[in-house]
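For the record, the sequence lines run as chains Y and A.
For the first sequence, the residue numbers in my numbering are 1 to 440.
For the second sequence, the residue numbers in my numbering are 1 to 261.
One or more of the hints may lead you astray.
Stated by the list, open to error - Cβ-to-Cβ under 10 Å is the rule here; a few derived chain Y residues that face chain A:
no.	residue
1	ARG162
2	GLY182
3	ASP373
What the hints assert, rightly or not - EDC-like cross-link-like pairs, simulated, lysine to aspartate or glutamate; straight-line CA separation at most 16 Å:
no.	chain 1	residue 1	chain 2	residue 2
4	Y	LYS154	Y	ASP193
5	A	LYS186	Y	ASP279
6	A	LYS260	A	GLU206
7	Y	LYS262	Y	ASP215
8	A	LYS260	A	GLU217
9	Y	LYS303	A	GLU188
10	Y	LYS137	A	GLU188
11	Y	LYS154	Y	ASP141
12	Y	LYS440	Y	ASP89
13	Y	LYS377	A	GLU188
14	Y	LYS42	Y	GLU93
15	Y	LYS127	Y	ASP141
The set of hints was computed from the structure by calculation and includes no laboratory data.
Since we're looking at a predicted model, the values are computed, not measured.
Beta carbons are placed, not taken as given, at the ideal position from N, Cα and C, and that holds for glycine.
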Amino acid sequence: MRRFFPWLLPIVLLASTSAQDWIKTGTGLGVEKVRIAVPDFKATNQDPRNTDLLKTFNDTLWNDLNNAGIFEMVSKSFYPLGQIGVPGDVKFESWSAPPPSAAMLVFGNLATAGNNATVQGWLYDVKNIASPQVLGKQYTDVATTQAVRVIAHKFADEIILRLGGGVNGIAETQIYYVSARGGHKEIWAMDYDGANQHAVTALGTISLSPHLSPDGSRLAFSSFTGAGWEIRMFSFDLNRVVSFPRLGGTNLSPAWSPDGSKLAISSSRSGDPELYIVDQSGANLHRVTNSKGPDVSPAWNRKTGSQIAWVSGRTGLPQIYTMGSDGTNVQQYTDQGYAVSPSWSPNGQFLVFSWMRHYGPGAPGAQDIYIMDVVSKQWVQLTHDGGRNDFPSWAPDGRHIVFQSNRSGSLQIWEMLADGSNQKQVTTSGNNSEPDWSWK
Amino acid sequence: MASTEIFFEHDRWGHNLAWSAALHVCVTVAIVAYAWIATGRHGSNWGEGGGGSAMGVSLVSNVPLPANPVPTQNVLATESKGLSKSQPQPVVEDKEAIPIAEKNAKKKPVPQPTATQRKPQPPPVEQASNVVPFGEGGPVSGPYSMFNIGGAKGGFGFTGGGGDFGARYAWYVRVVNQKVSENWLKYEIDPRIQNANRVYLTFDIERSGRPTNVQVEQSSGVPSLDQSAVRALQRIDSFGPLPPDYSGSRVSVEFWFDYKR
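Chain A extracted, bound-state conformation (with noise of 0.2 Å):
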């Protein structure tokens, strides 16, 4: 009998299907909200740095490769004479002071200069208000002489056989400039220095393009550092050979790197 009775008994499962379906859509959402945010977090944290692979990026820049570019900050070397002329600072005249009467209160009679001998002099010349007054502006020798890593910066001058190495094979003074800045490894540095003086190296590239007499010519007084400069040289074999018509037989370079983290 009794078994009978259940093919007779009809579950009322609606309410159960429902249920069922409702909490279906609830975990839908919840897993398509989830994704959502989850997803638009690493979209956006990804190569923000700090992580393992963010020190892998980095490495990049040791690879021999030129850089996407990065727009130089053009500032002016130490060496420039700025923009403008500095002024002389207005003598203030003290009331109070008396003055002292020389000892010697003698003078010379300052010679006169005759009629005959004065030197015609040149009319004066208007200067145009818009020329840059003193010191011609700009970086100090042409656009190749500085360079940006990161937060480091390098720079050099050039001296060869007639002085004016720079100014006629300026595509061979940028070779030396990236060829440098290339193999500058910075990790090589002392991890605690923030930023450090000014290291200068010189040294001589010889016909061949093989750097020689690397020295450092002045310390910025933390070790590693200095090493880390010395080193990008030792690092290179060649910048390539002299111009074919240059006439010397070396070119001497001096460079520095300015570091700062």
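The following block holds chain Y by itself, in its conformation from the complex (with noise of 0.2 Å):
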């Protein structure tokens, strides 16, 4: 009577949870990746400050390669023996014959002398023999590893200029980001892979959205103050928190205009949250937002800055809407579900937003990561399987997004090519959340 069938319920399980398998897939695209070998470069004196030096150089130049998306790095196991510190030693048939097959070959050298470190570096075509040299730097910093740091992130950044099509590097981009590892959330920066961070505010209270103006001299965010929710304004030349005007009611997510003329933020003066457009000054405040239902989140098209991305709940759940900048021509682009977070890509060609596509009881409650094409309004979905994804921002160069997810337990910073690919967190101490990218 007692008896029932233990041995069943590890099957149906198996079952159940093996419906989560997912390929990856797309469709060729032609065009490869550039294969680069980049082996360490190679200290030219005696020094005993070289090994640290060049350690870093060397970490964070393959490293920024390698995050540029846009090459094939060549494994050093493949390379010859014998290190490369000036055009001389380069063997061409060695780099560009199996097994390297490298088109492109990055090499240099490091000297340290008295305070200063001095870098040259280049990048050679090695399947060019008649005009191999594509670049050739030399940088002079002092010797330390943060400025070694710096010299690694201008030399990749070139690289990446010459061989990415015009686009620049993101290696010397930082990211503006809400942590709470202080007790109090604050507004926090970083190199864009996760390196030097550190507190920006020191307000003691809750400071949410941080967005950095199109010059990088401002930082514009909402703070929590005695009588509600804010704009504040922190100046970088200043170092300090500059005045701006208090709105009354609740004002939240203050976006920059491409010109850094103009923000957009969203604003509860009225009653209902609406979106506003306010000079950088805090002056000529308008409303261009006018239906029942919240409006908020704004993000400026920033190619042309004619448009606006925002999030309306006049049809219920928070959807995906934009208009022009005068609040005309209002398009929905989200019909569905819980769509929240827009920020338009660079070109002006992609918007990114963060969805959960089925929402409601019995849905599966993912949030993730799209991106949509503003014009034919396909979209793709860049994240799946992994927790809570929101808040994506897009770096300079069109290339990488930045977004916050608790799939490691807790809320971090994560960033990701924008086809999807390579994600990798960048913060691990506390809870991060709400990256924003600088503008270069």
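From the two separate chains plus the hints, produce the assembled complex.
Printed below as a string of structure tokens:
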């Protein structure tokens, strides 16, 4: 009578979990990635500091090129023996032939003398023996690991600019985000690769939705004051919070127009949260949406500055809409589920946003990052099977997206290429959210 | 009385229990079998195309990103001379034909070179048997002149100052190739078109890398295809500055697009 069949349970469970197979698929695009070999740079003198500096330099350069998304890095185990420091050391056939089969070769040397470190670097097209040099650079800075990291970033960006079709690299860009690791939610900043994390604000309250101005001189964010949520402005020139008028009600998500002259914000000063546009000084406030239901999270078209994408609850659940920056020509972009946090790509061609495509009782409730072509309204899902993903923001090169995800157990900042590949976590300590990639 | 009898009535429910157990087993087996079949099918169907999400996947090609490496079919361009020299057709003599005497049958005496004028002939060179005989084989101008996107192909020729731009700056040519193919959105082309003639565009690249003077040199006859090719160029702000050691002020490019659905 007590007999039941415990051995059946694992089979039933197994059958139900195997439904989550994912296959990575895509259409062939025809253009191969450049195979690039990056042997370690060579020390040209015997200074004891060279070892540390070279390690920092080599790691940073390798990571920058690896993260660029346009190269296929040739594994170091394939490299021919012997270090390369100057162009005379290059044996073309040993690099262009298998096993390395490299198309491009990056090499150079580092020398420390006195207080200064000098780096010489070259980029060679090893299949073109007659005129191989694409790039040759020399950098001098103080002999610290921090300065050498910057040199590596600069050199990587030069290579990416040449081989990436005139698009500047992102090795020197920054990401601004909200971190609660100090007890309060403050605005923090870090290099794009997660290095050099430091707090920007110390207000001792709750600060949210940081957005850097296009010229990088100011940071607009939203902060809780005694009366409510107000827009605050931080100046990097003065290194302090500067005055910005208090608008009353709940004021959130300030978004910069691409020329840096205006901000779009959502404010509930008249009851419903509605979108307003205001000069960066705080003057000339005027309202651009007028409908029942909340209107929040504006994002400008970064190419033209003449359109705004935002989230509206006018039909019930939040959906993505666009309009002209004067409030005309409203178009709906999503019509199901729960869609929030739009961000416009630098070339103006795509929107990236966070979407629970099936929302409500019985739905799986996954919140994922999607990309949508603005003209054709075709979309593609970038993340899957990974907790809740929100607040995507484009890198200035249009190839990378930063977002927040709780897939690792806590809320952290993640980065990926704009086709959804190469996802990696960049923060680890505390809870970190709402990333914003700098404009350059 | 009757109520006391109820207490002594023993229900024979052993049978029923057995039936119940058997039924449960059957139902469970059915669920497992269904799940097995159903999931098996889902796994293989995913990404086969045709569905809404497959449409979305194809969009990835528009994201300005490098693609998964796809083996490029190394098809020779039509301008290529090919691997072997075409043989002239042998002239077949008609035996019935009667030769017609030429009108002016006078022949000029052919001037015979005298011994002093005759140039010394170089001794005939033995051709190695494994040498590609004519046109050198391979693609016309280096490995960078063609690309494939899905079923469609494109290619181009460069003309710069000294005429050797393509050879000296192969890396730049590759960038142009990649950039144009990334920005060519095939959904702009009339979906009823199955295949079309090649469309040729010409444009200049200025020192800053900006494409200018985009013109349709030879139309494909399909307006939407011509338009999509021109738009691909218009979408590009810059290919990146021309190589600093290149002396010319601009480079002219001829770019062709082959479309086949």
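So, going through the hints one by one against the coordinates:
no.: 1; hint: ARG162; verdict: holds, 6 Å
no.: 2; hint: GLY182; verdict: violated, 37 Å
no.: 3; hint: ASP373; verdict: holds, 6 Å
no.: 4; hint: Y:LYS154 with Y:ASP193; verdict: holds, 14 Å
no.: 5; hint: A:LYS186 with Y:ASP279; verdict: violated, 40 Å
no.: 6; hint: A:LYS260 with A:GLU206; verdict: violated, 31 Å
no.: 7; hint: Y:LYS262 with Y:ASP215; verdict: holds, 13 Å
no.: 8; hint: A:LYS260 with A:GLU217; verdict: violated, 20 Å
no.: 9; hint: Y:LYS303 with A:GLU188; verdict: violated, 21 Å
no.: 10; hint: Y:LYS137 with A:GLU188; verdict: violated, 42 Å
no.: 11; hint: Y:LYS154 with Y:ASP141; verdict: holds, 12 Å
no.: 12; hint: Y:LYS440 with Y:ASP89; verdict: violated, 36 Å
no.: 13; hint: Y:LYS377 with A:GLU188; verdict: holds, 13 Å
no.: 14; hint: Y:LYS42 with Y:GLU93; verdict: violated, 21 Å
no.: 15; hint: Y:LYS127 with Y:ASP141; verdict: violated, 33 Å
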